[in-house]
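Given chain A, work out where chain B should sit, using these hints.
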Amino acid sequence: MIDPDGMMTVEAAYDDLLRRSLSRIDGDLARLIYLASTRDYNTGKYHHDGLAARFQREIAGQALELAHREIFYRIAVCSLEELVDQVEVYASSSQQGRDEVLQVWQKLEPYRVALPVDGNVAVAQLFVSNIKLALAILRRRYQQQELVASTS
Amino acid sequence: MMELLSLSAGVVLLVLLIAFASKRWAAARDMRESALPIGEADAEPCPEVFVSRVFSRGDWEFVHSLRSEGISKLFDRERKKVALLWVRQTSVMIRKAMREHASAARQSENLQFSTEISILAQFLTLIVVCGILSVAIQMVGPLFLGGLARFAQRLSRRVAKVQESLQPAPLVKTAGRIA
Numbered sequence: 001m002i003d004p005d006g007m008m009t010v011e012a013a014y015d016d017l018l019r020r021s022l023s024r025i026d027g028d029l030a031r032l033i034y035l036a037s038t039r040d041y042n043t044g045k046y047h048h049d050g051l052a053a054r055f056q057r058e059i060a061g062q063a064l065e066l067a068h069r070e071i072f073y074r075i076a077v078c079s080l081e082e083l084v085d086q087v088e089v090y091a092s093s094s095q096q097g098r099d100e101v102l103q104v105w106q107k108l109e110p111y112r113v114a115l116p117v118d119g120n121v122a123v124a125q126l127f128v129s130n131i132k133l134a135l136a137i138l139r140r141r142y143q144q145q146e147l148v149a150s151t152s
Numbered sequence: 001m002m003e004l005l006s007l008s009a010g011v012v013l014l015v016l017l018i019a020f021a022s023k024r025w026a027a028a029r030d031m032r033e034s035a036l037p038i039g040e041a042d043a044e045p046c047p048e049v050f051v052s053r054v055f056s057r058g059d060w061e062f063v064h065s066l067r068s069e070g071i072s073k074l075f076d077r078e079r080k081k082v083a084l085l086w087v088r089q090t091s092v093m094i095r096k097a098m099r100e101h102a103s104a105a106r107q108s109e110n111l112q113f114s115t116e117i118s119i120l121a122q123f124l125t126l127i128v129v130c131g132i133l134s135v136a137i138q139m140v141g142p143l144f145l146g147g148l149a150r151f152a153q154r155l156s157r158r159v160a161k162v163q164e165s166l167q168p169a170p171l172v173k174t175a176g177r178i179a
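Protein sequences, first through last, are from chains A and B. Note that this note's numbering gives residue 29 to position 29 of the first sequence, counting from 1, and the numbers run on in steps of one. Note that this note's numbering gives residue 46 to position 46 of the second sequence, counting from 1, and the numbers run on in steps of one.
Be aware that a few hints might be false.
Said to hold, decoys possible - Taking lysine to aspartate or glutamate and the EDC-like style, the derived pairs with C-alpha atoms no more than 16 Å apart in a straight line are: (1) B:96 with B:164; (2) A:132 with B:59; (3) A:132 with A:88; (4) A:132 with B:76; (5) B:161 with B:116; (6) A:132 with A:65; (7) B:161 with B:78; (8) A:45 with A:28; (9) A:132 with B:48.
Think of the hints as simulated: they come from the structure by calculation, not from any bench.
With the rest of the complex left out, here is chain A:
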C-alpha cells in the first residue's frame, strides 16, 4: 500500500470487483453479506479465486477488504427507512421465504458476521441496532399485510 504502483493495483482490483461481481448483486446489504462471506472465519483474510487469478492473492484480499469496509460504513449510517428497504430487497430475493429469512435473522443474528475486523465499535453497534429495528419493522409490516389479506 506504501508503493504507488501497489496502490494502483489494489484500486484496479477494487474496480474489477465492483464491475464484475458486485454490480450483479441487488442492493448494498446483499453485497455486504457476499463480501463478508469471502472472509475466512479463522484467519480474517479475504479470498476470491477469480480476483486472485487476475491480480495477486494479497492484492485481491486488500480490494475485498476495502469494498467490505466501504459498503459496511455506507449501510451503517444510512437512514432507517433506507435500511428497511434494503432488508426487504434482501429477504425477498432469497431462495427461502422472506418470513423465514426474517425469523432466522432475528433469532441467530447472522448479520453480525458482516462486521469488518477492527472497525469502529460505535458504528458496528449502530449497524446491529438498525438491523434489529429493520427486522422488527418488516415483520410487523408483513403481519399487518397478512391480516388485511385474511380479512378481505
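Coordinates of chain B only, in the frame set by chain A:
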C-alpha cells in the same frame, strides 16, 4: 409550614435521585448486554455523518409514523445504547490522548505555556461535555442532544489533530513497517 415544604422538597429530591439511579442502572445493564466490546481509542474514527444519524430526528420520525409502541420503545432503547457507546468511546479517546500528551510533555524541552493551557482547556471541556452527554442521554435519550454531540465531535477531532501534530515524525512512527 416551612417544615412541610422542606420535607416535600426532600421527598421530591429523593424520588428524582432514585429515578436517576434506576435509569443509570438500566443504561449500564444495556451496555453490558451489548455483545460488542468497548471501542478502544485506536479504533477507526467515526464517520462525520455518524453523530448526525444517531442524534437526528429523521429516524425517530420514521419510527413514530409506524404507530407501534413496541417498535418505538425498541428504537429508543437501541439509540440510547449506541449514543452512550459513542460517548464512552470518545471519553476513552480523550483520556488516552491526555495520557499520551502528558507523557510527551514531560520529555519535551520547549513547552509553550499558552499552548499547553489551550490543550488542557480543550481536554477538560471535552470531559465535561461527555459527562453531561452521558447523564442527559440516560435521562432523556439522544434525540434533543444533537448540538452538544456535534460540538463534542468537532472538539474531539480538533484534539486528535493537535495530538497527531505532537506525535514524532511519521518516518520514526512507521519505521518498523517500512523496514
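Hint check results:
Annotation: proposed proximity of residue 96 of chain B to residue 164 of chain B holds, straight-line Cα distance about 13 Å (limit 16 Å). Between residue 132 of chain A and residue 59 of chain B the alpha-carbon distance is near 14 Å, which keeps this suggested pair within the 16 Å criterion. Distance check on the hinted pair: residue 132 of chain A and residue 88 of chain A sit about 13 Å apart at the alpha-carbon level, within 16 Å; holds. Proposed proximity of residue 132 of chain A and residue 76 of chain B is supported: the alpha carbons are some 13 Å apart, at most 16 Å.
Proposed proximity of residue 161 of chain B and residue 116 of chain B is supported: the alpha carbons are some 15 Å apart, at most 16 Å. Among the hinted pairs, residue 132 of chain A with residue 65 of chain A is inconsistent with the structure: their alpha-carbon atoms are about 24 Å apart, more than 16 Å. Restraint check: the Cα-Cα separation between residue 161 of chain B and residue 78 of chain B comes to about 31 Å, which exceeds 16 Å; the hinted pair is violated. Restraint check for residue 45 of chain A and residue 28 of chain A: not satisfied, since their Cα atoms lie roughly 21 Å apart, outside the 16 Å limit.
In summary, the hint linking residue 132 of chain A to residue 48 of chain B is not supported, as the alpha carbons are separated by about 23 Å, beyond the 16 Å threshold.
In the structure shown, a violation is registered for the earlier hints numbered 6, 7, 8, 9, in ascending order.
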